[in-house]
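There are 4 protein chains.
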Amino acid sequence: MSDKAYALFEEQQQARGIDLGWVKQQLSKLKIETPSWGYGDSGTRFKVFQKTGVPRNPFEKFEDAAQVHKYTGLAPSVAIHIPWDKVDDYGKLRSHAEGLGLAIGAVNPNLFQEEEYELGSVTNADAAIRRKATDHLLECVDIAKATGSRELSLWFADGTNYPGQGDIRQRKAWMQEALTEMYKAMTPEMRMLIEYKFFEPAFYHTDLADWGMAYNLAQKLGPQAEVLVDTGHHAQGTNIEHIVAYLIDEQRLGGFHFNSRKYADDDLIVGSVNPYELFLIFYQIIGAGLDQDAGVRRTVEDIAYMIDQSHNIEQKIPAMIRSVLNVQTQYAKALLINHEEVAEAQRRADVLGAEDAVRKAFEFDVTPLLHALREEQGLPLDPMKAYLDTSYGKDILVRGKGGASW
Amino acid sequence: MSDKAYALFEEQQQARGIDLGWVKQQLSKLKIETPSWGYGDSGTRFKVFQKTGVPRNPFEKFEDAAQVHKYTGLAPSVAIHIPWDKVDDYGKLRSHAEGLGLAIGAVNPNLFQEEEYELGSVTNADAAIRRKATDHLLECVDIAKATGSRELSLWFADGTNYPGQGDIRQRKAWMQEALTEMYKAMTPEMRMLIEYKFFEPAFYHTDLADWGMAYNLAQKLGPQAEVLVDTGHHAQGTNIEHIVAYLIDEQRLGGFHFNSRKYADDDLIVGSVNPYELFLIFYQIIGAGLDQDAGVRRTVEDIAYMIDQSHNIEQKIPAMIRSVLNVQTQYAKALLINHEEVAEAQRRADVLGAEDAVRKAFEFDVTPLLHALREEQGLPLDPMKAYLDTSYGKDILVRGKGGASW
Amino acid sequence: MSDKAYALFEEQQQARGIDLGWVKQQLSKLKIETPSWGYGDSGTRFKVFQKTGVPRNPFEKFEDAAQVHKYTGLAPSVAIHIPWDKVDDYGKLRSHAEGLGLAIGAVNPNLFQEEEYELGSVTNADAAIRRKATDHLLECVDIAKATGSRELSLWFADGTNYPGQGDIRQRKAWMQEALTEMYKAMTPEMRMLIEYKFFEPAFYHTDLADWGMAYNLAQKLGPQAEVLVDTGHHAQGTNIEHIVAYLIDEQRLGGFHFNSRKYADDDLIVGSVNPYELFLIFYQIIGAGLDQDAGVRRTVEDIAYMIDQSHNIEQKIPAMIRSVLNVQTQYAKALLINHEEVAEAQRRADVLGAEDAVRKAFEFDVTPLLHALREEQGLPLDPMKAYLDTSYGKDILVRGKGGASW
Amino acid sequence: MSDKAYALFEEQQQARGIDLGWVKQQLSKLKIETPSWGYGDSGTRFKVFQKTGVPRNPFEKFEDAAQVHKYTGLAPSVAIHIPWDKVDDYGKLRSHAEGLGLAIGAVNPNLFQEEEYELGSVTNADAAIRRKATDHLLECVDIAKATGSRELSLWFADGTNYPGQGDIRQRKAWMQEALTEMYKAMTPEMRMLIEYKFFEPAFYHTDLADWGMAYNLAQKLGPQAEVLVDTGHHAQGTNIEHIVAYLIDEQRLGGFHFNSRKYADDDLIVGSVNPYELFLIFYQIIGAGLDQDAGVRRTVEDIAYMIDQSHNIEQKIPAMIRSVLNVQTQYAKALLINHEEVAEAQRRADVLGAEDAVRKAFEFDVTPLLHALREEQGLPLDPMKAYLDTSYGKDILVRGKGGASW
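Protein chains in written order, with the UniProt record's numbering: chain A, 1 to 406; chain B, 1 to 406; chain C, 1 to 406; chain D, 1 to 406.
Hints in this document: simulated from the structure, not taken from any laboratory. If you're wondering where the values come from, they're calculated on a predicted model, not measured in any experiment. Hints are supplied without guarantee of correctness; some may be wrong.
Same chains, same names: a pair is fine if it fits in one copy or spans any two.
Below, computed lysine to aspartate or glutamate pairings styled on DMTMM-like, alpha-carbon distance capped at 20 Å [claimed, not checked]:
no., residue 1, residue 2
1, K4, E63
2, K92, D302
3, K401, E116
4, K394, D350
5, K86, D395
6, K385, D350
7, K4, D365
8, K385, E344
9, K220, D249
10, K47, E10
For reference, chain A alone in the conformation it holds in the complex:
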């Protein structure tokens, strides 16, 4: 059935002027980084439910991550979180990863779980705490050197819960001060990805609250600083793909933390709440990449796609497989947009025609395409089934409960 389906699909897309060779080439370049902490226990403030079989150390996290890549071919690198993934010998961790066919991806400092950081880390009113926090940032640069990581991915919980609690402008200056110091410590190959967040855990003001604050800071720091868009870190209704297009146009889109949300920063599986939004994000990225301007294309190709989710109730490895597959699916659909058709409708002020030209790509079933791609890549047609058919999920139960949590 698969061959027939692909033949039909090909016929259909050719009739629309879509070059499936190019589509498959693009798809084969898609790389999605999974986070080490996504394999551990996580939860809400009410409860962290403990799963049996959760990895007990960074090495086991990479082993689990390798399963995701093995069946999907999509997830060749793993982001680490310091100190959660602190090890004595990063060379050993790197070898372990490489032995599993993985690279160590972005290094993520943690500046929210030490008692001192109760009222802020790099924006704390206490200079000693700011020093400690900045030193941790510098430590992470060193770790990135040891792991061969090119990305330093920064999220700050810093903010306040009440009016008056902190001096907003002073904290802004402190943030810039700390990141300037870190920026200078980076090697030329490194990039600093600056994440922003609307709220939580700060409930009055968050020092880096929106893309504008992250962008402005990146601009001040220099060309190696870019903005990281977490799809769950916006106010309700925010048009994320607009921000994406904007940042690409300014050559400052560094990457994504993908996840889904219906309410706040729910950190659900990407593509599970509003898959069309994910499709529309890729529509903007692909459109920008098609532009002649070489600079834009570079930016687009350097976008780091990363998962950042909390699998509170899901089985961790299958949840990650589902996540990268959902991203692949929506990327594949977005690659079926005929941009010339859209542009023509725009030129003739045909609102419905332009909308249709975008939406109809979303309505195709890309299963035949993905099956063909996987066949070419020697991957199982149904990666989830392939994983579930193995005993890996059962084998790791010996790890017991109480493994890593974030």
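Once you've looked at the hints, dock chains B, C and D against the given chain A.
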């Protein structure tokens, strides 16, 4: 200065036709229940910062709560949470409370922290888990009998994170089934307060998601079931005072969980984000109470005012003192509304006049009034200062860190 | 290609245990009512852009609506709005409609465009204005008798802009009073559909603000009163399919006003912002219909599907064709859910499996199915293209500008 | 009573270390610009209710505005909107204004009410329409020269309703192109104030959607371009005072459009929904002004405070009086914050102390202060009453209905 200020205030209010005798009488009847868990450590999913001096057991929680009542005269009862406040001998806890001048208030079952409840408690697809959850509800009725509590305050974390995860209609039936069993176990003096919540920890659907679902369920159960309004449990923009007025009119407003939020269920100190909203809630309650209809008056007088907050970064006891004082302040302001003036403006279609008649009560400084009231009640004029001037806060530091948390 | 595609689709669905005969039967019963006002000019408070060719009277609106039905087979009835569609002889309008193969659908009173209604219609503090408003409701019952309409669809702009402007509880009573009078005037065949709205044009409180208020009122009125869900009338984040499932379970879901929104009540084309949400609404409806309980099935079959949108910048007739096609597409996808597969995953607490069982139905391309259906029904395979290939759109340009607006 | 009240107030504030002389000096410098269109009819998309007595031309608008200034002393300038306030002879309008004691304030181009602008003005895909729009911007620069206006206040309705409708990056470039041309046409005394808006009338994407986009554009244009913050143009929950502090710190806060909202861009009377938010905005502004850095002070002093509201159901002149009084009230309260007390609490990590130091200023009744100020300025103590006691409101009824609307 205080006397002069009150004399001036009295003159001013008399000129407006406000009977300060009645106002003080109403104020002296204000009782705000504080929650035992508000004295323990709490936090966000990212971190629970541990405070030194946090109570180590239910008895110490009541001791801390007694401080709040001692200086404010506003907080004569304390809500308990089972199993967090589980003790071998509830008679002993009750005596302890009474010895401190306190009563044990609402009993709150906990149906979200056992491993079994990962996918729901009373709405879990597994009948054995539903049974366990319902048994806990019945246990709480028994505890209420032992503690002399009249309120059973129910909040359920039950819900789903993904479409398809649960059968929404089936879960609705299971919820009703469990509460029907609990309802039957209650004594005629008891009330069931049913809380609803927009989201969190469930991120797709919450079984009791809004006032309508709680209200409809209460109606099915019978007259001893009422709705509990947590001020942080609504979608952005929701007009909470409208819901309050509506529920009073239907004689189903059982009580409040007071707190503040700017974003989601931030659980900040009540009155710290939008104090005017708290004032407007009291405007509706007072207005309903002034109605001739005896039934409405009864409902209004039975409203249980309770604090439910997370003092993640605040000193616990001062945070609670601030909370009850904020409630008192806004209640006092709302008592200064001249309802006849409002009604007249409404009758002559004077939008600005009606708005002004409400808002101007908010703009009065009620400090002279509250000072006079406290003087009459033998309380310190500045309860916060009075508490902070004692050594209580320092004395409890011997408890160390790692006390109760929720 | 179409035949091959359907053969493949059939093979695929049979393998999943889906009975396409049943699916097509369900699809062939789908009826979506379009609103007469959707063919006229509409806009925002900033500007109503005037389209050339907009209908100049109710008769022309039906002619345009007939085009939508002609090519889609989905829209056999048209809702009317009084007084926008007031005519001297409703029998003549009915004959005109029937001559076009259409029925007159729901009658919608208008209680927001007379100068007297500035501060409310049925909840106005002025008894004479309330009387006028109630009389209009009664007039609409009479019109429904004349047109053969079975639905009276009620939306009230009533509410206030400022605290104090109106007496919330009193207005609640007035609302009930007016609707009680109207309810009594209805014939046994009629249904009253009560719509609610979060906000706009009232910006402080809206008298019927949410489903709970509409539902509670319907319950008081009697079995012929039901709730109408407008998909754009909720707070951000609201789980609409939950409300839908809830109302079906209470046998009070009367119907829908379909449209899309990203922000407020944007009234965009249904299915254009988050098509997955529309699919999930149908998932709940279909699931309820599959239940054994005959009562539930009846409720589900009586749900009135209606479009209510503002085509501010779109060509009116194509916008309506797109709208009903989008509804059909998502309904078709939802019919492909294997409910037994979902239920089994729920029973074994397989969160990811259950989610997948729902979502994967969404990912099918239902074009082969819809083509097959249209072929059987003698309809053009591509209704939009079929319409655009005619000269109708050009022919109506003779009507000029300045036609009907709402 | 007024003298006694002020004496008491003075005593109280002196005890807190507040210099009332400085406070009054600051208050006496407060200037709030009212908009000409705020005196005309406005409404929602559902209905514009027509008031009797609404001005029929720009000259009458200035006469009404003069009433607001006469009784409050707060509103010495009036913003104009082109073409709504287009006149043959701007010198004559300026003389008329000056004769009334008013200045002509910001010039506001209108780029949303011509039929050509249906799909955008300066970002329209049609070059001829972009040219027309840009020419209008240049015309407004010329008008500003004629009226002596220093501010050009730009709001664009430009955006799209559907994905694909427009090329987001291309439109961004067109926006910059048009504003660059306008910027070059300005005289050195002029400032361009760039407004942003979350949504409406565009419902998918708005070309200038948030402060970040406006700020980035202003930076590219040059030092005479600044950001205008409309308090109703943000997503729910947005911390506006944070944005204000941020923009001041970057020396790019040009001014405000004040109004209130509970839901979307409701355009209600400023200070009527959450007065504390307005107070907190002033807290940030005053705090920045107290900084030693001369540059910051300059920015703060140049902030243009402007009202931008829709008085849909209110009497226009009283609504404007209420608006400027509300701003004055919250500004007065914010001037009572003891910033050193706040800073000390911040330094000792006293969250509750810092919060209290801010909030308690809000709880003072500033009526005695404002009465004293008005007495010194020769203004009526109660400006609203003073206006309502005149016959002006009745006298203008001869203008009839159907005057200016926006």
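Checked hints:
1. K4 / E63: This pair counts as neither: shortest intra-copy Cα distance 37 Å, inter-copy 44 Å.
2. K92 / D302: neither (27 Å within a copy, 59 Å between copies)
3. K401 / E116: between (29 Å within a copy, 14 Å between copies)
4. K394 / D350: between (55 Å within a copy, 15 Å between copies)
5. K86 / D395: neither (25 Å within a copy, 39 Å between copies)
6. K385 / D350: between (44 Å within a copy, 14 Å between copies)
7. K4 / D365: both (14 Å within a copy, 15 Å between copies)
8. K385 / E344: The answer is between: 17 Å across copies meets 20 Å, while 42 Å in one copy does not.
9. K220 / D249: both (17 Å within a copy, 14 Å between copies)
10. K47 / E10: For K47 and E10, neither the intra-copy (49 Å) nor the inter-copy (45 Å) Cα distance is at most 20 Å.
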